[in-house]
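Colleague: Each chain, letter by letter, is given below.
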Amino acid sequence: GAGVSQSPSNKVTEKGKDVELRCDPISGHTALYWYRQSLGQGLEFLIYFQGNSAPDKSGLPSDRFSAERTGGSVSTLTIQRTQQEDSAVYLCASRSGLAGTLDEQYFGPGTRLTVT
Amino acid sequence: AQSVTQLGSHVSVSEGALVLLRCNYSSSVPPYLFWYVQYPNQGLQLLLKYTTGATLVKGINGFEAEFKKSETSFHLTKPSAHMSDAAEYFCAVRLNDYKLSFGAGTTVTVRA
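Going down the list, the protein sequences come from chains A and B.
102 is the number that my numbering gives the last residue of the first sequence; the numbers go up by one with no jumps.
162 is the number that my numbering gives the last residue of the second sequence; the numbers go up by one with no jumps.
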């Protein structure tokens, strides 16, 4: 596709359930990011992938959160035993990974997660 | 550590009026600064950036920002607001060669 896509666009789940959020980056982009956007909190960095490895996962809030990336492409963010405070918009972004392209992050439209 | 603070979570302007969104930074090194815009139900897109050189930076859609070291500011302006400028705006600072830190965002409402 032409841009970063995310699925589902909306997810409503019950407290305690596990959810998986998917990100399809722009083809050829080696760098991939997950962010969380909560009301009034701005964008919170969660994890950064370079290829299939995650050199920076310092933003994952707890061990209930995990992410993986396969084939240097699709990434999945998994939240186990969801809590109401996990309700937020989860944004994915990708960039080419070349030096000097830090600002050229291309964002997906996000997945709005609601935990009831 | 570098960070940015956006002053004002909501700004309401009349169509045709000046848009001014405030961002102050904290950095121990010369900062790289960015403004992003997020339209409803969309991801963020880059409006403009300051790295080095000219302190007045022009971006897309008629926006510009001025880097003022003495004031540690990087405020975003547009002389005349348009209805299509209604969106959320984020200021960001470079933390390292792969990571940005974003402000809390300012939502702009444009009144007809």
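What the hints contain is simulated information worked out from the structure, not anything from laboratory work.
Built from N, CA and C at the ideal position, the CB exists for glycine as well.
Keep in mind that the hints are not guaranteed to be accurate.
[Said to hold, decoys possible] Taking lysine-lysine pairs in the BS3-like style, the calculated list, with each CA pair at most 30 Å apart, reads: (1) LYS(-3)(A) x LYS149(B); (2) LYS119(B) x LYS108(B); (3) LYS118(B) x LYS43(A); (4) LYS108(B) x LYS118(B); (5) LYS149(B) x LYS43(A); (6) LYS99(B) x LYS119(B); (7) LYS43(A) x LYS3(A); (8) LYS43(A) x LYS1(A); (9) LYS118(B) x LYS149(B).
[To be verified] Computed spacing ranges between beta-carbons, pair by pair: (10) SER52(A) x LEU106(B): 20 to 28 Å; (11) ARG67(A) x THR127(B): 28 to 36 Å; (12) LYS118(B) x LYS1(A): 33 to 41 Å.
Colleague: Now tell me if each hint is right for this structure.
Modeller: Hints, verified against the model:
no. : hint                             : verdict
1   : LYS(-3)(A) x LYS149(B)           : 28 Å, holds
2   : LYS119(B) x LYS108(B)            : 18 Å, holds
3   : LYS118(B) x LYS43(A)             : 33 Å, violated
4   : LYS108(B) x LYS118(B)            : 15 Å, holds
5   : LYS149(B) x LYS43(A)             : 12 Å, holds
6   : LYS99(B) x LYS119(B)             : 15 Å, holds
7   : LYS43(A) x LYS3(A)               : 23 Å, holds
8   : LYS43(A) x LYS1(A)               : 24 Å, holds
9   : LYS118(B) x LYS149(B)            : 23 Å, holds
10  : SER52(A) x LEU106(B): 20 to 28 Å : 44 Å, violated
11  : ARG67(A) x THR127(B): 28 to 36 Å : 46 Å, violated
12  : LYS118(B) x LYS1(A): 33 to 41 Å  : 47 Å, violated
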